[in-house]
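**Student:** Sequence:
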Amino acid sequence: MSQEKVDRYKEQKANRKQIMAREKRRKFLIKVCAGVIALALVCWLGYSIYDTVNKPDTSDVAITTTAIDDYVSGLQQ
Numbered sequence: 001m002s003q004e005k006v007d008r009y010k011e012q013k014a015n016r017k018q019i020m021a022r023e024k025r026r027k028f029l030i031k032v033c034a035g036v037i038a039l040a041l042v043c044w045l046g047y048s049i050y051d052t053v054n055k056p057d058t059s060d061v062a063i064t065t066t067a068i069d070d071y072v073s074g075l076q077q
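When we follow the UniProt record's numbering, the leftmost residue of the sequence shown carries the number 1, and every step to the right adds one.
It should be emphasised that the hints constitute simulated quantities derived from the structure, not laboratory data. Note that the coordinates shown come from a computational prediction; the quantities given were computed from them, not determined experimentally. Note that beta-carbon positions come from the ideal geometry of N, C-alpha and C, so glycine has one too. Relax, there's no trap hidden among the hints.
In the BS3-like style, the derived pairs of lysine-lysine whose C-alpha atoms are separated by at most 30 Å in a straight line are:
id, residue 1, residue 2
1, 27, 13
2, 17, 5
3, 24, 13
4, 10, 27
5, 24, 5
6, 27, 5
7, 13, 31
8, 17, 31
9, 10, 24
10, 17, 27
Distance ranges between label pairs, derived from CB positions:
id, residue 1, residue 2, range
11, 48, 23, 34 to 40 Å
12, 43, 3, 52 to 58 Å
13, 31, 53, 30 to 36 Å
14, 52, 8, 55 to 61 Å
15, 3, 28, 33 to 39 Å
Generate coordinates for the entire structure from the input sequences, incorporating the hints supplied.
**Tutor:** This is the structure:
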């Protein structure tokens, strides 16, 4: 191995504890962010489904009762 590689290895070995701690923090933050994003997506999806299912019926219904009125008046005669 060249002297440059040996020096680089020694430097990495000396700083291995800090490097491992940094990588551990980075992986933890990635997992936390992914969890928060996944939770937000699940909550949004659940709320959307809940809102769609529980939406009140706002359409007007027009009923013509002329046939019933004619039938009832025919019974009274």
